[in-house]
Amino acid sequence: DAKTTQPDSMESTEGETVHLPCSHATISGNEYIYWYRQVPLQGPEYVTHGLQQNTTNSMAFLAIASDRKSSTLILPHVSLRDAAVYHCILRVATGGNNKLTFGQGTVLSVIP
Amino acid sequence: AQTIHQWPVAEIKAVGSPLSLGCTIKGKSSPNLYWYWQATGGTLQQLFYSITVGQVESVVQLNLSASRPKDDQFILSTEKLLLSHSGFYLCAWSSQGWDTQYFGPGTRLLVL
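Line by line, the protein sequences are chains B and E. All letters in the first sequence, in the order written, are residues 30 to 141 by the numbering used here. All letters in the second sequence, in the order written, are residues 11 to 122 by the numbering used here.
Treat the hints with care, since some could be wrong.
As the list claims (entries may be wrong) - Using 20 Å as the maximum straight-line C-alpha spacing, the simulated SDA-like pairs for lysine to any residue come out as follows:
| no. | chain 1 | residue 1 | chain 2 | residue 2 |
| --- | --- | --- | --- | --- |
| 1 | E | K80 | E | G107 |
| 2 | B | K98 | B | R120 |
| 3 | B | K128 | E | Q48 |
| 4 | B | K128 | E | L72 |
| 5 | B | K128 | E | D109 |
| 6 | B | K128 | E | S60 |
As the list claims (entries may be wrong) - What the simulated footprint calls covered on chain B by chain E, stretch by stretch (three residues with Cβ under 8 Å from a Cβ of chain E suffice, anywhere in the stretch; the number is not a length):
| no. | region |
| --- | --- |
| 7 | 68 to 81 |
| 8 | 131 to 140 |
Hints in this document: simulated from the structure, not taken from any laboratory. Cβ coordinates follow ideal geometry from the N, Cα and C atoms, glycine included.
Excised from the complex, chain E in its bound form (with noise of 0.2 Å):
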C-alpha cells in the first residue's frame, strides 16, 4: 500500500525566515506529486505538479517554489516568509496525470 508522509507536522515561523516543508510518497514510483495550500477558513488552492523527477511547473504564485529531488520526494520552500503564508500545506499523489489524488496529513504552518 502506498503512504504518504509530510514534515513537519506544524511549525511557528518569523516573518522573514526561510522555511522547507517535504513531503514523500513510499510504495509508488514515479508517482505525480502536488502542492496545496489552504489559508485559514479558505479554500485549497494548488501551487505546484511534478510530473517526473526535476520538474516542477507553478500552478498559483505566492512567492514559493518547489523542487522534486527525488522520484518519492517533492519539497515546497521560500527564503522569506510571509504573514500570508500562514495556513495548512497539502502534498497529494496520483499513479497519472488524470487519475485520482490522494492527500497526504499535511502541514501547518504560522507565520508571526
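Chain B on its own, in the form it takes in the complex (with noise of 0.2 Å):
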C-alpha cells in the first residue's frame, strides 16, 4: 500500500472545526483513503473513508482532492472527545488479507 504523511500533532480548542491534512502522493487507482482514531489504550476506531468523492456521515466530512493525492478530515464542532491520534490509512479492496499498516499519525489535542 502506498505511503501517507500527516502532521505529528494539531491543537484545537472545543468548537471549533478541525482540518487534518494527509498527503498521499503515490495512491494508486484502486486504493481507498481510510481514517481511523484512537485513545490510549482503546482499540482504532473507524471514522470514515472514501475512493474520490467527498464523503460525509456523524462523525466527520471527508475532503478528497480531485487528483486524489491528498485527503483532509474535517471535525465539527469538537468535543474534549475528540482528542485522539487520527490514521490516515490508504487500502486496497481487494478479497484476502485485509491489511491495514497504521503509522504515527496526528495527535489531535482539544483544549477546553
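Hints are included, so try docking the two chains, each in its own frame, into the full complex.
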C-alpha cells in the first residue's frame, strides 16, 4: 500500500472545526483512503473512508482532492472526546488479506 | 448490531510461560478476523488473518500462533512468552476481505 504523510500533532479548542490533512502523493487508482482514530489503551475506531468523492457521516467530513494526492478529515465542533491519534491509511480493496498499515498518525489535542 | 469481545482485558505473565488470548464476534456470520499487535509507543502491526474456520494466515512472525476453532472465535497463543511479546493485542473483523475493519477493545499484555 502507498505511504501517507500526516503532521505529528495538531491542537484545537472545543467547539472549533478541525482540518486534519493527509498527503498520499503515490496513491493508486484502486486504493481507498481510510481514517481511524485511537485513544490510549483502546482499539482504533473507524471514522470514515472514501475513494474519489467527498464523503460525510455523523462523525466527520472527508474532503478528497480532485487528483487524489491529498485528503482532509474535517471534524466539526470538536469536543474533548475527539482528542485522539488520527490515522490516515490507504488500502487496496481486494479479497483475502485486508491488511491495514498504521503509521504514527496525528495527535489531536483539544483544549477546553 | 455486531459486538466484538476480547479476553482477558489485561495479563501479567512470566517469560517462558504460555499465553492464550481470545476474541469473539457476535451478530455477524462468517466474518474475516484479524489479530494486530502494538508495542508500547509503537505502531499497529497485523499478525494474522482468517477468512474462514480452520484457516489462518500468518503475516508477521513473532513466535506466536493463531487458530480459528469456531466461526465467531479467534485465538492467539504461544507456548513460551518472550519479553518482546509485551504490548497491546487487538482483534478486528470485517464482513469481507475488502470491507471496513472494526476493532475490539484490546488486551494489554505485560511480560516480566
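Task: Hint numbers not upheld by this structure, sorted from lowest to highest - done: none
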